[in-house]
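Engineer: In order, the protein sequences belong to chains P and D. Counting with my numbering, you get residues 1 to 662 for the letters of the first sequence. Counting with my numbering, you get residues 1 to 503 for the letters of the second sequence.
Source of the hints: derived by calculation from the structure; they are not laboratory data. C-beta: ideal position from N, C-alpha, C; glycine also. Any given hint could be a false lead.
The following label-pair restraints were derived from C-beta to C-beta distances [as the list claims (entries may be wrong)]:
1) D/454 x P/18: 29 to 35 Å
2) P/54 x D/478: 34 to 40 Å
3) P/212 x D/499: 24 to 30 Å
4) D/442 x P/538: 48 to 54 Å
5) D/76 x P/61: 54 to 60 Å
6) P/196 x D/76: 52 to 58 Å
7) P/655 x D/181: 36 to 42 Å
8) D/181 x P/212: 45 to 51 Å
Which residues of chain D face chain P? A partial, calculated answer using Cβ under 8 Å [as the list claims (entries may be wrong)]:
9) 408
10) 419
11) 439
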Amino acid sequence: MFVGAIFFPLLGACLSGFLGRWLGDRPAQWATVACMALAAACGILAFGQVAFDSQPTTVPLLTWMDVGGLEISWALRYDTLSVVMVAMVTFISTLIHLYSVGYMSHDATPARFFAYLSLFTFMMLMLVTADNLAQLFFGWEGVGLASYLLIGYWYDRESANRAAMKAFIVNRVGDVFFMLGLALTFHTFGSIEFDTIFSSVAAHADDRFGGLPSIELIGVLLFLGACGKSAQLGLHTWLPDAMEGPTPVSALIHAATMVTAGVFLMARMSPVMEYAPVALAIVTVVGASTALFAATIGCVQNDIKRIIAYSTCSQLGYMFFAAGVGAYQVSVFHLFTHAFFKALLFLGAGSVIHAMSDEQDIRRMGGIWTRIPVTYAVMWVGSLALAGIPFFAGYYSKDAVLEAAFAAHSVVGTYAWVCGMLAAFLTAFYSWRLLILAFHGKPRADRHTMEHVHESPVTMLVPLLVLATGAMLAGALFAPFFIGEHEQAFWHGSIFNGEHNHIMHAMHDVPAWVPLAPTVMGIGGIALAYLMYMAMPGLPARLAERFSARPQLVRRLPLIPQEGAEQQTEPNPGGLYGFLLKKWYFDELYDFLFVQPARLLAQRLWKTGDARIIDGMPNGAASLAVAGSRGAARIQTGRVANYAFAMIIGLVLFVTLFLIGR
Amino acid sequence: MNAAGFPLLSLLTFLPLAGAAVIMSVRGDDEVVARNARWTALWTSLIVFLLSLILWARFDTASAAFQFEEKLEWLPEFGVGYHMGVDGISVLFVLLSTALTPLCILASWESVTSRVREYMVAFLVLETMMVGMFCALDFIVFYVFFEAVLIPMFLIIGVWGGARRVYAAFKFFLYTLLGSVLMLLAILYLWYNAGTTDIPALFQYQVPRAAQTWIFFAFLASFAVKVPMWPVHTWLPDAHVEAPTAGSVILAGVLLKMGAYGFLRFTLPLLPEASATFAPLIFALSVIAVVYTSLVALAQEDMKKLIAYSSVAHMGIVTIGIFTFNQQGLSGALFTMLAHGVVSGALFLCVGVLYDRVHSREILRYGGIAKIMPAYALVFMLFTMASIGLPGLANFVGEFLVIVGAWRVNAWVAFGAALGMILGAAYMLYLYRRVSFGRITRDDLKALLDLSPREYAVFAPLIALTLWMGIYPQPFLSFFEASVAALVARHEAALNLSRLAGM
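Chain P extracted, bound-state conformation (with noise of 0.2 Å):
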C-alpha cells in the first residue's frame, strides 16, 4: 500500500511512454487512469492509517549514497505531513488524468502526455514522501522536468518551449540555494536525514557558519529554493508563462501540487525553521508581498489562464506567510484546500476554452453561461472557495491564515496581515471580474466560435463535479483535524511549534471582527467587480484610459477580431495601469539585468576571451616559428659570396669584441 502508492504513477508513466506506440492511444491513457487510480486508493487508505490512526512509517527501499559519514537512502517516510500531501496528490491526479482524456482526446501523442503526467505524479510523491534532503531534491527536480517537459508539451511552438526552459532555468537558480543549503545542513548536522536533523537542531541552536548563525543561513538558504519551485516575489517570473502547457497540466502542477512544493517543504523543514525567527520573518514579508503584488496583477490580465495562475501565485503567498508566522498547519490546509478550489478552477477554465474553441483571451468570450451551465456553476463555487465566502473550503483556510498573521502581534504579523487583506478585497474582485467577462454579457466572439459552444464530455465533467465538491466540503470536513480541536493528535508531530510559539492556540483568541474582516473584504470586491463589469460596463476601459500614460493603447471592449493579439504583442499604454498590465515589468528588468548580459558575456568571453586572447598565445607563438624560420631560410641563398661576407662581419665582430674586452 505505501510503496503501491507512490510507484504505481511510475509504472504508468512506463507504461504509457514506452509501450504507448504498441498499446495504441485509447489503451495507454486507460492504462495509466486506471494505475492512478489504484495509486490513489492506496493513498486515501494510507491517510486512514497514517493520520487518524496515528501510525507513522517509514518504508526503507535501498541506499543511495554512503560517502565518509554521507548516507543517504531512498525511503519512503509516511507521517501525517506526508501522507496529507500522498492522499491530496494521487486524488487531484487522478481526477486530473480523467479529465484529460476528455481534453486531451483531439491531441495527436496522448500517450506521450499522459506518461508524462504520471511521471509527473510520481516524483511529486517521491518528493513528499522523502525521509532526507537528497530525495527530496530527487523529487523536487523530477517534478522541475516533468513540468519542463509538460509546459512544452506543445513542441511545435516557439512561445511553450521558450516558456518550458524558462521555467526550467528560474527554478534551477532557487534549486541552487536549495543545493547550497543542503550542503549547509551537512555541515552543520553531520547528516541530511530528517530524524538526525530535527533531534538535534536544538544541540545546533548556537552554531555559527561565517559569523551567522547556522540555521537562520539553513532557513533562507532553503526557503530561497522554496520561492523558486512556489514562484514567490523575485522567482515568479516562469509561473504565468508555464500557462503554455495544456490546462490539465496548469490545473495539477502550476496549482495544486507543483508549485506547493516550497510550502511543503517549510512545513516538512518546521523543527528547522522554528529556530531560525529571522529566517522566518523574511518568509513572513516575502509571502505576504506575494501575496499582495499578484493580486494586483490578476486585476488587468486578460488571458483566462494567467489570472488564475496569478491568483495561485498570490494564494502560495499566503501559504508562505502563514508558515512564516508559525503556523505551518495552517499553511498545509490552505494548501489542502486550494488544491481543490484551484485545480477546480483551472478545469473549469479549461472546459471554457475546449467550448470556446482554444480562445483563452476573456475579452473575446462572454454570453456563454446558458449554454455550459455545468462549467459555469463549477465556476462559481471554484470562485466562491478562493474569494473565502463562508462554508466553502477557502473559507476556513484563508481566514485561519489570517487570523495566524494577526495573532502573530509582530511587525511583520501585521505586515503580512494587512497585504492579505487587501489582497482578499483584490481575489474576490479578479476572480468576479474573470465570471462575469467570461460568462455574462453579450457574446464578443465571432459567430462560428459561437455556434461551437458546447458543454464538456462526461470524462470532463466527472472531475469537475468531484473537486466541485471537494471546494464545498474540504474545508467544513477537516479544519478539526487540520487547525481545530483534534490538531495534536491528526498531525503527530510531524510538524513542530517551538516552544514560546503558541499561534496555534492564539489564533483562535483574536477580536471576534477578525474573522468576519475576510468575508467582508470578499464580499466588497465581488460587489466592485459587479458594479464595474455589469452595472457600469464602461467604467473599466475609462479607468484604465486615466491612470495610463499612453491612453489610446489601451484597449476598449468589444475588442475587435484579430489575429494573434495575444497577451505577448499586448502594447504597453504605460502609467499605472501598463505598470500592472506588464506584470510589473519584471520580464524586463530581468531581460536587462541577466539575459541580456549573459549573452553579451557569452559572445564577447568565446569570440575575444578564447579565440583572440587564450588561442592568440599557442597561435601567435606557433606563427612567430613560421616567421622565424621563414626568416632564417632566406639567409639560405646558396650564394658564395653572401656567405663570404657574412664570415667576414662576422670576423671583424669577433676581433672587435676580442679587442674591446681586453
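Here the structure of chain P is known, so what remains is to put chain D in place on it, guided by the hints.
Structural biologist: Relative to chain P, chain D alone:
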C-alpha cells in the same frame, strides 16, 4: 600471484595490440579487409571488456592497497621496473576504458569508410595505451603510456577528422606534449632523489618542502592541459569538433580523465603541502572554468563545440572536488569523472547520430527532430538531463558530493560550483530546444530515420549505466571508498607532520 591467478592487467593492456596485429595481417581486397577489421576489432575489445569484468568481481573494495599487482625487473640498476596494479581510484577507469572501446568501434561501424583497417588498429592501440596508463605503477611506465596515448589520438583526429583536422590534431598534440615535458623533468628529479620510479615506493619518499612547489607546477602544467583547466582548454573544442564521433567519445570519456587521475595519483599523495598551499589557485581556476566555459558554451553554434565546452565546465567540478581533500569531495570528483565519461560520451554519440544522417553539426541546421525521431529525442533528452545533473541520473551524485565537500572547505567555492547548475541547464536546454523542438523547416530533415538497431545497441548500455549510476551508485562509490579514505588520511597525516615540524 594476484587475485586473478594470472597477469590480468598485462593481458588487458596488451590483448588489444594482439588484435591490432591480427588486423594488420589480413590480406585481400578492401571490402574483405574492412569487414575483417571491424569484426576483429569488435571481438577483441569485447573480450577485453569481458576479461576486465573480473576486476569488477574480484576487486576487494575493503582494501586501499594496490591489487592484481604484477612486478617484473626491467632496469633494476636504475630502480625502474615494470609494475602494474590497480587500486580503488584507478580500477573503474580501466573498466570505463574497456567498456567505451567496443561501443566506439560499434559507433564507427558505418560512419568510417576509408582506411578502415588503420582506423581499427588505431583504436585498439589507443585502448592499450589507456588501460596501460591506468594500470601503471611505475612512473616511467606511466609516462610512456601517458604520452603514447597521444599518438593514436593524433592520428584519429588528423586522418579521419573534419575539415580543419590537421590544425586541430597539431594543436592537440603540441599543447599536451608541451605540458608533459615539464612533468618529465619532475619525474627525473624524483627518480634522482628517491632512487626509484616505483610509485608505491615513491609514496614513502617525502619530497622536501622547497622542491614541492616547482614539482607541483611541473605536474600542474602537464595535468592541467589534459584536464583541461582554464585557461589551457582551447585545444579541446577544436579537437572535439574535428575528431570523428568515436574519437570524441574516447577523448571526452577517457582522455580527459587522465589529467584528473594524475592529480589524484601523484600530486595529492606526493606533494601534500604544495597541494594544500595551492588549492585556492586550483579553486579559482576551476570556478572560472565552470562559469566562463558555461557562458561560452551558451554562445556556441556547433553542437560538438558546445558539448566540448560543457566538458571543460564539468572537469572544473572535478578539480574542485579533488582539492577539497575530504571524502565527499574526492569521491564526488571520482564519480563525476566516471559519470562524465559515460554521459558526455553518450552526448557525442547523440551528435554523431545526427551527423551521420545530415553531415552537419551546425545547431541551426536542425529543429523539430523530436517529431520524426522520437526514440532518438528521448535518448538525447535523457543524456541532456544527465548532463544538467538531474538527480536520479549519473552526474548528479558526483556534483552533489563535490558541492557538499566543497562547502566544508569554502562556501564560495561551493557556490561557484553550484552556479554551473544554472548555466548548465541554460546551455543544454537551449541546445536541445534548437535541435529537437520547434517546427521542421527543412525538407531533408523530414526523411530522417529513427535509431537503427545498431545504434540502439550502442546506446542501451550507456542508458543502463546512466540510470544505474544515478539511482544506485553505491556499488561504484564503494570501489573507491577505502582508497579515498586512505588518501585523505595520508594527506592529513602529512600536513600534521609538517605542521609539527614547523613548530
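Engineer: If a hint holds in the structure, say so; if it does not, say that too.
Structural biologist: Hint check results:
Taking the beta carbon of each, residue 454 of chain D and residue 18 of chain P are about 20 Å apart, not inside 29 to 35 Å as hinted. The hinted range of 34 to 40 Å is satisfied by residue 54 of chain P and residue 478 of chain D, whose Cβ atoms lie roughly 38 Å apart. Range check, residue 212 of chain P to residue 499 of chain D: about 29 Å between beta-carbon atoms, so the 24 to 30 Å window is met. In this structure, residue 442 of chain D and residue 538 of chain P meet the distance hint of 48 to 54 Å, their C-beta atoms being roughly 51 Å apart.
Distance hint check: the CB atoms of residue 76 of chain D and residue 61 of chain P are about 55 Å apart, consistent with the given range 54 to 60 Å. At roughly 55 Å, the beta-carbon separation of residue 196 of chain P and residue 76 of chain D lies within the given 52 to 58 Å, and the hint holds. A C-beta distance of roughly 40 Å is found between residue 655 of chain P and residue 181 of chain D, which places it inside the suggested range of 36 to 42 Å. At about 48 Å, the CB distance of residue 181 of chain D to residue 212 of chain P agrees with the hint of 45 to 51 Å.
A distance limit of 8 Å between C-beta atoms decides the matter here; for residue 408 of chain D the minimum to chain P is near 6 Å, and the interface restraint holds. For the restraint placing residue 419 of chain D at the interface with chain P, the shortest Cβ-Cβ distance is roughly 7 Å, inside the 8 Å limit, so the hint holds. Against a cut-off of 8 Å between C-beta atoms, the interface hint on residue 439 of chain D holds, since the closest Cβ of chain P lies about 5 Å away.
In the structure shown, a violation is registered for the earlier hint numbered 1 alone.
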